[in-house]
Amino acid sequence: MADAIVMQNVVKRFGKTTALDGTDLNVLIGEVHGFLGPNGAGKSTAIRVLLGLLRHDSGEVRVLDGDPWNDTVTLHRRLAYVPGDVQLWPNLTGGEIIDVLGRLRGGFDAARKSELCERFALDPHKKSRTYSKGNRQKVALISALVSNVELFLFDEPTSGLDPLMEAEFQEVVRELTAKGRTVLLSSHILAQVESLADRISIIRDGKTVEAGSLDDLRHMSRTSITVPTEQPLDRLATLPGVHGLTSHNGHSQFDVDRISLDSVIRELSTFGVLSLEAKPPTLEQLLLRHYSDQISAETRQVVLGDS
Amino acid sequence: MTTRAQTRDHKLIGLATVVRLALRRDRLSLTSWVIGFGLFTLYVVVAIPAAYGDEADMRATADLFAVPMSRVLIGPAYGFENPSFEQFVTNGYGLYFLLLAALMSILTMIRHTRAEEQTERAELLRSNAVGRHATLTAALIMTGVANVLSTAAVVAVLLFVGEYSIEGSLLFGAGIAATGLSFAGIAAVTAQLSEFSRGASGLAGIVLGAAFVIRAGGDLAAVGGSTLSWFSPLAWAQQTAPFVLNRWWPLALPLILAMVTCAMGFALSAVRDFGASHFQARLGPGHAPSRWGHPWGWAWRQQRSLTIAWAGSLIVGSLAFGGFTQALLEAELPEVFRQLFTSVDLLTGYLAYMVTFMAFFVSSFAVMAVQGLRSEESTTRLEAILALPVSRSRWFLAQLGVTTLVTAVMLLVIGWSIGVGAALVTRDWSLVLDLGWAQLSYLPAVGVVLAVAALLFGTLPRLVPATWALVALSVFLGSFGTLLDLPQFVLNLSPFTHLAEMPIEKFNAWAAMVLSGISLAGVGIGVLGLRRRDVSGG
Numbered sequence: 004m005a006d007a008i009v010m011q012n013v014v015k016r017f018g019k020t021t022a023l024d025g026t027d028l029n030v031l032i033g034e035v036h037g038f039l040g041p042n043g044a045g046k047s048t049a050i051r052v053l054l055g056l057l058r059h060d061s062g063e064v065r066v067l068d069g070d071p072w073n074d075t076v077t078l079h080r081r082l083a084y085v086p087g088d089v090q091l092w093p094n095l096t097g098g099e100i101i102d103v104l105g106r107l108r109g110g111f112d113a114a115r116k117s118e119l120c121e122r123f124a125l126d127p128h129k130k131s132r133t134y135s136k137g138n139r140q141k142v143a144l145i146s147a148l149v150s151n152v153e154l155f156l157f158d159e160p161t162s163g164l165d166p167l168m169e170a171e172f173q174e175v176v177r178e179l180t181a182k183g184r185t186v187l188l189s190s191h192i193l194a195q196v197e198s199l200a201d202r203i204s205i206i207r208d209g210k211t212v213e214a215g216s217l218d219d220l221r222h223m224s225r226t227s228i229t230v231p232t233e234q235p236l237d238r239l240a241t242l243p244g245v246h247g248l249t250s251h252n253g254h255s256q257f258d259v260d261r262i263s264l265d266s267v268i269r270e271l272s273t274f275g276v277l278s279l280e281a282k283p284p285t286l287e288q289l290l291l292r293h294y295s296d297q298i299s300a301e302t303r304q305v306v307l308g309d310s
Numbered sequence: 016m017t018t019r020a021q022t023r024d025h026k027l028i029g030l031a032t033v034v035r036l037a038l039r040r041d042r043l044s045l046t047s048w049v050i051g052f053g054l055f056t057l058y059v060v061v062a063i064p065a066a067y068g069d070e071a072d073m074r075a076t077a078d079l080f081a082v083p084m085s086r087v088l089i090g091p092a093y094g095f096e097n098p099s100f101e102q103f104v105t106n107g108y109g110l111y112f113l114l115l116a117a118l119m120s121i122l123t124m125i126r127h128t129r130a131e132e133q134t135e136r137a138e139l140l141r142s143n144a145v146g147r148h149a150t151l152t153a154a155l156i157m158t159g160v161a162n163v164l165s166t167a168a169v170v171a172v173l174l175f176v177g178e179y180s181i182e183g184s185l186l187f188g189a190g191i192a193a194t195g196l197s198f199a200g201i202a203a204v205t206a207q208l209s210e211f212s213r214g215a216s217g218l219a220g221i222v223l224g225a226a227f228v229i230r231a232g233g234d235l236a237a238v239g240g241s242t243l244s245w246f247s248p249l250a251w252a253q254q255t256a257p258f259v260l261n262r263w264w265p266l267a268l269p270l271i272l273a274m275v276t277c278a279m280g281f282a283l284s285a286v287r288d289f290g291a292s293h294f295q296a297r298l299g300p301g302h303a304p305s306r307w308g309h310p311w312g313w314a315w316r317q318q319r320s321l322t323i324a325w326a327g328s329l330i331v332g333s334l335a336f337g338g339f340t341q342a343l344l345e346a347e348l349p350e351v352f353r354q355l356f357t358s359v360d361l362l363t364g365y366l367a368y369m370v371t372f373m374a375f376f377v378s379s380f381a382v383m384a385v386q387g388l389r390s391e392e393s394t395t396r397l398e399a400i401l402a403l404p405v406s407r408s409r410w411f412l413a414q415l416g417v418t419t420l421v422t423a424v425m426l427l428v429i430g431w432s433i434g435v436g437a438a439l440v441t442r443d444w445s446l447v448l449d450l451g452w453a454q455l456s457y458l459p460a461v462g463v464v465l466a467v468a469a470l471l472f473g474t475l476p477r478l479v480p481a482t483w484a485l486v487a488l489s490v491f492l493g494s495f496g497t498l499l500d501l502p503q504f505v506l507n508l509s510p511f512t513h514l515a516e517m518p519i520e521k522f523n524a525w526a527a528m529v530l531s532g533i534s535l536a537g538v539g540i541g542v543l544g545l546r547r548r549d550v551s552g553g
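In order, the protein sequence lines correspond to chains P and U.
Converting from the first sequence to the working numbering requires adding 3 to each position, the first position being numbered 1.
Converting from the second sequence to the working numbering requires adding 15 to each position, the first position being numbered 1.
Hints listed in this document are in silico derivations from the structure and should not be mistaken for laboratory results.
All values reported here derive from a predicted model rather than from experimental measurement.
Wrong hints could be hidden among the right ones.
Pair by pair, the computed Cβ-Cβ distance ranges are [claimed, not checked]: (1) P:S162 <-> U:R39: 23 to 33 angstroms; (2) P:T180 <-> U:S44: 49 to 59 angstroms; (3) U:L420 <-> P:D60: 33 to 43 angstroms; (4) P:S162 <-> U:D549: 19 to 29 angstroms; (5) P:G62 <-> U:I323: 46 to 56 angstroms; (6) U:A324 <-> P:S117: 30 to 40 angstroms; (7) P:E118 <-> U:A487: 51 to 61 angstroms; (8) U:D549 <-> P:R115: 30 to 40 angstroms; (9) U:G217 <-> P:Q173: 40 to 50 angstroms; (10) P:G62 <-> U:A481: 27 to 37 angstroms; (11) P:S135 <-> U:W245: 42 to 52 angstroms; (12) U:N143 <-> P:Q173: 33 to 43 angstroms; (13) P:G253 <-> U:R39: 53 to 63 angstroms.
Negatives, chain P to chain U, calculated, CB over 10 angstroms [said to hold, decoys possible]: (14) G69; (15) D88; (16) R106; (17) A114; (18) A170; (19) A181; (20) V212; (21) D237; (22) L279.
For each residue, glycine too, the CB sits at the ideal point set by N, CA and C.
Generate the whole structure from the sequences, applying the supplied hints.
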């Protein structure tokens, strides 16, 4: 049993709209798995299916070797969930809510609760209607973290947290993985995913469009090259795998597919290379490439260097 | 308000801008209120004559409106001896115009004062050149405009569609506007008291509810109301008795109340910080009692405040209605009233009627409780619970179980309260226990209402509010079914019809068992439905 989560070709429809349209997701035990995608791509729907709150129409779903729809209660003893938009009971204090959720889960560590309240700077005595968005988020985070479970499902867990708390969250996640816990992390904060995730899955319109380690994904994608040469590089634009070539005062810039890298570099050497800078694509570039028909041509140009 | 604007202009800088902004934000809701008032007037002016055919037919049923129990619902019932349509419509339905105006004023005031401050939008405004009193004044102007326009719509329909006489129409309209303004003033005070808009409108709502109960008690005592009625801001406009007495002077009272409360509102707002309140949100405990960490304990914690609010007001109401027994026995009653209470013995008949009536209220509580579950789901808070090792059926049955227990205890205590009220005036203390059991005997019918709501929650959650149709139908059939000589199969649509009318009749165990069986089946289907459907907040 090396898989914490398996989703295979999962379809979920709400009336006429198809929220999940063949989603695949594979999370290994002990890893932090980044779950990325534009708004409305189906990330939250997928997580709700994993929680057994929604019933999927077809495909296969396994969580901790169980069926989330039928083995709900057994599975929920072993996992914890933090939603992205936390709604709390307005007339209860944060501390009361953490206790109630912890006890309904079957017990929690009170010392851990005070430690986490301290670390996240949460006043548990305030009525939750007086909390800001960030503080509501902290209540949900602490409620999940006080329990001793194997799997954490985080759906944009740090939206509304300040950078200090964000850093604290990353520290907590590292502690969890050090103890062998598994984390599914849906997030829009790419720096967070880049620093925490072992592997990522990118979902768009309910379909998984990319999955693998960050290195794998980079490998499949383009490298940006900036190179000053003795002779103008115009001819290079006709080579397969070269994209967005621009030249200015003998300085040229272009992107090249990983697969064509070798042949392009060989060709490049004939122009008299003076210096060379090659950058792997950032996660942001990777993502925008997948989201790209949703963004303007201008944004594409700026971020991706596409023409 | 204009005099205020002139004398305090340094605190009112920017008022014009704030008013314009408020009008712009509210153009839709303002228009809807005005159209709503117009349509409501159109409905009573056109539909009622159409339903009755002619004034003679209407007079035949007018007696029914003037009996004490009807006066609880419509007001002092001026002009019901031999009413014309204009007297019948304005004095019979006027109370609901007043309630609407009061609600409109409370909601508009709070939206433009505390709700703004709470979301800190007002902070954006106040950081500009906007005086300290500008927002409250703007809210009052907005509410004033809303009342004047709505009233104008009402009067226009009365005059031009109903062709009612001019003085009565103007007086009726003036009464609505004056009542609306007095509640605007009350909301101007409550907006200073609570830090949250829900608390502020809740406080104003409590005042409105108390005003309704006080005048209900006062109007119940006699046609034209009693001294008690005059203590209620809802009663004053009705005391003008449009088209009957046409007296204007009672309208001085709501206007004075409006001025006093507005002055209080300004004074209170002047002595507090921005965003602060006179009732501050206090810190609470950092730990929860361990009993909340169980589905049943949690269900009780969630339903506690609703229970306290309902039980409190129903107990007060029951004591009052019970205490009314003696006055009723001494009153001269029209035949139709005796018919309503069916019984040989008027006292028992009245008490049995009250018991049924209270059971309707308790069933409303049950519907509210299930609507609470629905809002747990739509706010995604239910998701947080169901993501824990708590199964759907365990959660649902705990919630429904608590509601059932609460309604049972509520029924028993309400029955005792009617009994105590009645025993205080009749000296017959055996009524207390008898009425307790009589009231509790309605549990199976309340259970059916609860089960219908539960079934809908489990299968078609959006339709939970449709349960109100069953409650409304039951109230209608229970109040007017026999008077209207409706056929038995129609009467049978109400679960309340099937039970024995205790204490007149003996407890009917068979009916109670059948209704309980239906309730269990309904809950069962609801649980099955909930286990099969998606749970989500959107």
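Hint check results:
1. Separated by about 31 angstroms at the C-beta atoms, S162 (chain P) and R39 (chain U) satisfy the suggested range of 23 to 33 angstroms.
2. Between T180 (chain P) and S44 (chain U) the C-beta distance comes to about 52 angstroms, which sits within the given range of 49 to 59 angstroms.
3. Hint check: L420 (chain U) to D60 (chain P), Cβ distance near 39 angstroms, so the stated range 33 to 43 angstroms holds.
4. Between S162 (chain P) and D549 (chain U) the C-beta distance comes to about 24 angstroms, which sits within the given range of 19 to 29 angstroms.
5. Checked against the hint of 46 to 56 angstroms, the C-beta distance between G62 (chain P) and I323 (chain U) comes to roughly 48 angstroms, which is consistent with it.
6. A beta carbon spacing of about 35 angstroms between A324 (chain U) and S117 (chain P) agrees with the range 30 to 40 angstroms that was offered as a hint.
7. For the hinted restraint 51 to 61 angstroms between E118 (chain P) and A487 (chain U), the CB-CB distance of approximately 54 angstroms keeps it satisfied.
8. Between D549 (chain U) and R115 (chain P) the CB atoms are about 33 angstroms apart, so this pair conforms to the stated range of 30 to 40 angstroms.
9. Distance hint check for G217 (chain U) and Q173 (chain P): the Cβ-Cβ separation is about 42 angstroms, which falls inside the suggested range of 40 to 50 angstroms.
10. The beta-carbon spacing between G62 (chain P) and A481 (chain U), approximately 35 angstroms, falls within the hinted interval of 27 to 37 angstroms.
11. Under the hint 42 to 52 angstroms, the C-beta atoms of S135 (chain P) and W245 (chain U), about 48 angstroms apart, fit the expected range.
12. Take N143 (chain U) and Q173 (chain P): their Cβ atoms lie about 40 angstroms apart, and the range 33 to 43 angstroms holds.
13. Our hint of 53 to 63 angstroms for G253 (chain P) and R39 (chain U) holds, since their Cβ atoms are close to 59 angstroms apart.
14. The Cβ of G69 (chain P) sits about 12 angstroms from the closest Cβ of chain U, beyond the 10 angstroms cut-off, so the non-interface label holds.
15. At roughly 7 angstroms from the closest C-beta of chain U, the C-beta of D88 (chain P) falls inside 10 angstroms, breaking its exclusion from the interface.
16. Not every CB of chain U is more than 10 angstroms from the CB of R106 (chain P) (nearest about 2 angstroms), against its label as outside the interface.
17. At roughly 13 angstroms from the closest C-beta of chain U, the C-beta of A114 (chain P) stays outside 10 angstroms, upholding its exclusion from the interface.
18. Interface exclusion of A170 (chain P) from chain U stands, the closest Cβ pair being 25 angstroms apart, more than 10 angstroms.
19. Against chain U, the non-interface label of A181 (chain P) holds: every CB pair exceeds 10 angstroms, the least being about 25 angstroms.
20. With a minimum CB-CB distance of about 24 angstroms to chain U, V212 (chain P) clears the 10 angstroms threshold, and the non-interface call stands.
21. For D237 (chain P), the shortest C-beta to C-beta distance to chain U comes to about 54 angstroms, beyond the 10 angstroms cut-off, and the non-interface label holds.
22. Taking the minimum C-beta to C-beta distance to chain U, about 52 angstroms, the non-interface status of L279 (chain P) holds against the 10 angstroms cut.
In this structure, the hints that do not hold are numbers 15, 16, in rising order.
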